[in-house]
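Visitor: Required output: the full structure, derived from the provided sequences and hints.
Protein chains in written order, with our numbering: chain A, 157 to 533; chain B, 157 to 533; chain C, 157 to 533; chain D, 157 to 533.
Hints are supplied without guarantee of correctness; some may be wrong.
Same chains, same names: a pair is fine if it fits in one copy or spans any two.
As the list claims (entries may be wrong) - Each computed DSBU-like pair below joins lysine-lysine, with the alpha-carbon atoms no more than 35 Å apart:
#	residue 1	residue 2
1	K424	K285
2	K253	K531
3	K424	K334
4	K253	K334
5	K424	K524
6	K487	K201
What the hints contain is simulated information worked out from the structure, not anything from laboratory work.
Please read all numbers here as calculations on a predicted model, not as lab measurements.
Now for the letters of each chain:
There are 4 protein chains.
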Amino acid sequence: MNGRIRLGMVGGGRGAFIGAVHRRAALLDGMYELCAGALSSTPKKSLESGRDIGLPDDRIYESWEQMLEQELKLPEERRIEAVSVVTPNHLHYPVVKAFTEAGFHVICDKPLVHTSQEAEELVRLCEEKRTVCAVTYTYAGYPMVKQAADMVSSGVLGNITKVMVIYLQEWMLAADDKDLWRADPERSGISGAVADIGTHGEYLISLITGLQIDQLCAEASRALPGRQLEDGADILLRFTSGARGLITVSQACAGEENGLHVKVFGEKGSLSWQQENPNYLFYAPLGQPEQILKRGNDYLCASARSSSSLPHGHPEGFLEAFADIYRNAGKAILSSRGGVSGEKRGFPTVREGMRGVRFVEKVIESIKQDARWVKMD
Amino acid sequence: MNGRIRLGMVGGGRGAFIGAVHRRAALLDGMYELCAGALSSTPKKSLESGRDIGLPDDRIYESWEQMLEQELKLPEERRIEAVSVVTPNHLHYPVVKAFTEAGFHVICDKPLVHTSQEAEELVRLCEEKRTVCAVTYTYAGYPMVKQAADMVSSGVLGNITKVMVIYLQEWMLAADDKDLWRADPERSGISGAVADIGTHGEYLISLITGLQIDQLCAEASRALPGRQLEDGADILLRFTSGARGLITVSQACAGEENGLHVKVFGEKGSLSWQQENPNYLFYAPLGQPEQILKRGNDYLCASARSSSSLPHGHPEGFLEAFADIYRNAGKAILSSRGGVSGEKRGFPTVREGMRGVRFVEKVIESIKQDARWVKMD
Amino acid sequence: MNGRIRLGMVGGGRGAFIGAVHRRAALLDGMYELCAGALSSTPKKSLESGRDIGLPDDRIYESWEQMLEQELKLPEERRIEAVSVVTPNHLHYPVVKAFTEAGFHVICDKPLVHTSQEAEELVRLCEEKRTVCAVTYTYAGYPMVKQAADMVSSGVLGNITKVMVIYLQEWMLAADDKDLWRADPERSGISGAVADIGTHGEYLISLITGLQIDQLCAEASRALPGRQLEDGADILLRFTSGARGLITVSQACAGEENGLHVKVFGEKGSLSWQQENPNYLFYAPLGQPEQILKRGNDYLCASARSSSSLPHGHPEGFLEAFADIYRNAGKAILSSRGGVSGEKRGFPTVREGMRGVRFVEKVIESIKQDARWVKMD
Amino acid sequence: MNGRIRLGMVGGGRGAFIGAVHRRAALLDGMYELCAGALSSTPKKSLESGRDIGLPDDRIYESWEQMLEQELKLPEERRIEAVSVVTPNHLHYPVVKAFTEAGFHVICDKPLVHTSQEAEELVRLCEEKRTVCAVTYTYAGYPMVKQAADMVSSGVLGNITKVMVIYLQEWMLAADDKDLWRADPERSGISGAVADIGTHGEYLISLITGLQIDQLCAEASRALPGRQLEDGADILLRFTSGARGLITVSQACAGEENGLHVKVFGEKGSLSWQQENPNYLFYAPLGQPEQILKRGNDYLCASARSSSSLPHGHPEGFLEAFADIYRNAGKAILSSRGGVSGEKRGFPTVREGMRGVRFVEKVIESIKQDARWVKMD
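Guide: Take a look at the structure:
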């Protein structure tokens, strides 16, 4: 290894679950070292949060603007090379834009930004600056998701006829919206559950099947009266191939923790994967016994095998999936050190982030028209 | 027991799966005896089929019209009292109508008939004649479905917020439609999968939750080009209470056998039941560990307990659920022997059958309008 | 069908679970008709129980001795041909012996009798009289158990290296032994749990693998102090082939309903089957994905397919497994009507019943010697 | 945090699975930093392995003896404080002994050493030196195992009546013993599967139930002829409380990956946990529905909650369990920095390691006596 990637972090202070996940995922393989941070919106909390995780005081910043400014003053070999953006959604755009413009690589939580205009601007910018911009669609990092994608693309299922993503959570059911930035349109944008978890569905369908959405038709739901953003939606999909799809999401389903279930049906067989038991992929070949493919086995495809580090039977989880995104983004970052444009495969990029933003816009458009079919561009 | 119920059967000759199920279900408890049959559309096959199952030659008829005519000539104490109608769908209406008019009780396979006009006529007729008319929505007979209904009605889940029925089968995927009456609009009516299995979804939602559909919006799919009737549909539901629902059905999903899954979400908890493992009901109370309720236990409600005859741990299946419909219909038939109108609870009647027919009509109406919201009457 | 088999029943009066199961299983296929019964040990309860199930008063007997005597006086074409013996265990021997001596076929609940001397006598007698004597090791009737046996015998697993049967129930945990004939050595014989459920383990191992026990070594347990018979046992097995086995049973394990689990390991793969989800057989070929074989599919062996009457996805259960024993015994009975010795395959016979009795004796012998290895003869 | 713990590693070079796990587990929480290593038995491989993981050349040693000698020459604030011992088993004793004598803390893979004499010596030494010595019985680190222990100790199950550990793997089935140090008595000691995975069973039983083994009786198996050490064993247990237990292990069971299953039965309920789906604990209270307790929920005990860092529904796995051992050992190490003897709870110590060694000796003693009962001291 030619030296660890020096990483900064924006957001992810004390009590922020996803910030801690980003840090552990980055550090898991020893590919990154966390060097600097602007972890909170208040200077005091930023300082405390930075010290919590062992940052030296002179690399703990009061704001992301300060961090950007100061880091640029450091000699190149000390300066951070990449930044993790784990702020509330409404800050993704200015932060990613500023750091990308300054030539930093970015790993950004999803959804990328609020509008497709912003997203397009970021895509343009990353291309111009030749920087890596990864978006952490975590579930892309699970080995058995990679296996599913490999099986579909190699034709094991034949033509795909139907895809279902069911993604149910409970946490919005008993929540008080006043406490939640996710429930606030100012900070979350035009969409709640669709932006938060529906985008995972859109991304997984694309990743696993390669199908393109032609039209969609959506219905929203709100479990609590007066809630501003939808906490659930049913989204019917027509793909350009003629296949049909369904994404059902809710964040107000009692008893559901992080119940993401993907089912892909083809002419010759089907696949089923559940995030809460991620080490297994169920494959039902037409007319033959159903098979349980298990992580860590030699019979899996190369990408499933290489994205996994524990032997079979020793369960991996969410953290390893998250780390896989960091590892693959890291490889791209390392390959671009010499000024050479890095390889950008094996992880979700700003392009996929942009596609997700468009998906959200179209879903909300359909919802507003009382479930009218809306065409994707 | 004051004498077995004398049963005739129309349809269900050699090779007809559902006819055999009706017979075994009827006989399971010793409540019925099968006395007569017009089991097939050809005299020769009728005769052979009748002999197969031990009917005396003089009670094997060449047609249902002949059976009706001849049975009426027999003395009342020998004559059949009830008839099972297990023909292709398009014959349900004339057969049920004729036997009901003649005062016979009827147990009819689902869907009841093809049009709501026909259905209304049958409802009227059954009321006039005071006969029992059961429709075999089999899944109503599973003890754990009864338990689910009991838990919802007793308020365990609080207000219901969302209901999902996913019902997936495979058998239409590789089928040649020329061989299948179910694929033929002449014999199946305006709908394929929605009429065949979507109606189970509609019935289960109503049975378990008591919710009434206000509007629906539906999208159909066909896995094979040129197929006349839909083999799948996604149906979005708005209930009068404000709750939302989703029924997803397909009969062309590789690897799915009879995959019926019902999920009911309320403010205070949720229920989940899968037909292929019917002895278990999963109950997730908000903030508490999920529970697995198991058939045959004392902690279940009275109707779940009484509809089950084996001790816990000794799995019951589809046959017992089917028999439960026959048993409860049989109780109603027995109670009406004295000319007293029988109790008609505990099993799906012609009224529920009618509701199912209307549901199919509305779904097809929405599909034809490209997923427009359609109001239930 | 050349006329139903006329069946009598000894034992199985009101409240007796297993008697009702025998009756329903016998009647399920229409192969038997129940004509006579001595259902209880008291005349009054016998009469009431007989009427409950629709027997005519003149075929309801006060005792099995009376039934035997009176039935023999009936003309052959009315007389019962076979008798189900579902009494407490200690009555199996005299009843089976008397009816066999008189030339009746017998279907006897398990365990067959209390001592191997008695068992040998019955084997001898059945051979002499050329009568059918089936022993209802129910689990032999499950299609997926037949599939397992077929796969082992056809060499799919290679040489068998290890077999495990875990069979756990709860019902003895909170029981008062005074109320239970199973807890009483006078009526149950020398063994409790081993005789009641350990014998199922022994039979399943033999049925599925064909392995012969060479030596065994056993340890008993009692969950309640003062209990006379063991309510659990761990039985180590050495087979003549060199393979090893383990049977663990308990009837005092909180939370266990009828938790019978069989695992068979071979050089080339393994099988796993659980009674509480009997429609599935798990097959793990070495180095390949695990497979779930499901009842009702064309890819199963002939005996698994023919012992099953519902299509895949429509779950069958304990009742159908029980009925399979009756059906196969019935075929043997029918084939012997002409005086020709019947085919006696496809169901457990008096020979397997005898082997089970010997197994119990050897297990108890090992237990009494503080887990000394004991050789099977 | 007052500075990371400076860690050295002995063993765990290229290709060694468990070494990599130790490193990732140590680094996961940022509590340790890896500063030095003697990773292989050959200087060249040691150097390459050290560079692979980013160690500076001057802290990569050719042997553990060299590492011990050189590190002691470094100033205290640079010198390692603790050492991970992940060599083949036969080297545990000299390495742990030497580093403990020199005052270093130790985290040692299991089994601790080969003989109880060696183990006793290490216990004595650790007490004398007041050093931390953790033994990585990984499964102790799973939150749901902690939950199980908490439920038993708080009396939820009442008196424990029976405990079962079934631990099955496949990897020895097709192995060539010549390639495996685990199959070689010189390097593995007197036992194969019992030492390797049986000790996990012994430890888990003790951890969860607190029961003490009074006597044991064991039978060994070898799937391959000529194999020197056992690859499987069935171990019957009598606890001092009168409860009974069973540990069944095999490393030659086709289709089993790391199938560790623990079942604990008490008078008032039971628990069941499976390592391959570690986020769930099944609890069956007597006479009530079974419950599924899920990691990450507020209803869990304090130790289960605090040992887990991801929210519910985001699966954790083996790595987090491993990291939990390091974290708790790390807390003890940190608390002893001031010369104060550290807290030594929450992780398996040299004492538990010693108990495991004795367990192995007794099991082998019983096996050699043809399954004679042997008393634990």
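Visitor: Hints first: check each against the structure and report whether it holds.
Guide: For each hint, the structure was consulted:
no.	hint	result
1	K424 with K285	neither (44 Å within a copy, 51 Å between copies)
2	K253 with K531	within (29 Å within a copy, 48 Å between copies)
3	K424 with K334	between (49 Å within a copy, 21 Å between copies)
4	K253 with K334	within (29 Å within a copy, 59 Å between copies)
5	K424 with K524	between (38 Å within a copy, 29 Å between copies)
6	K487 with K201	both (32 Å within a copy, 25 Å between copies)
Violation of the numbered hints given earlier is confined to hint 1; every other hint is satisfied by the structure.
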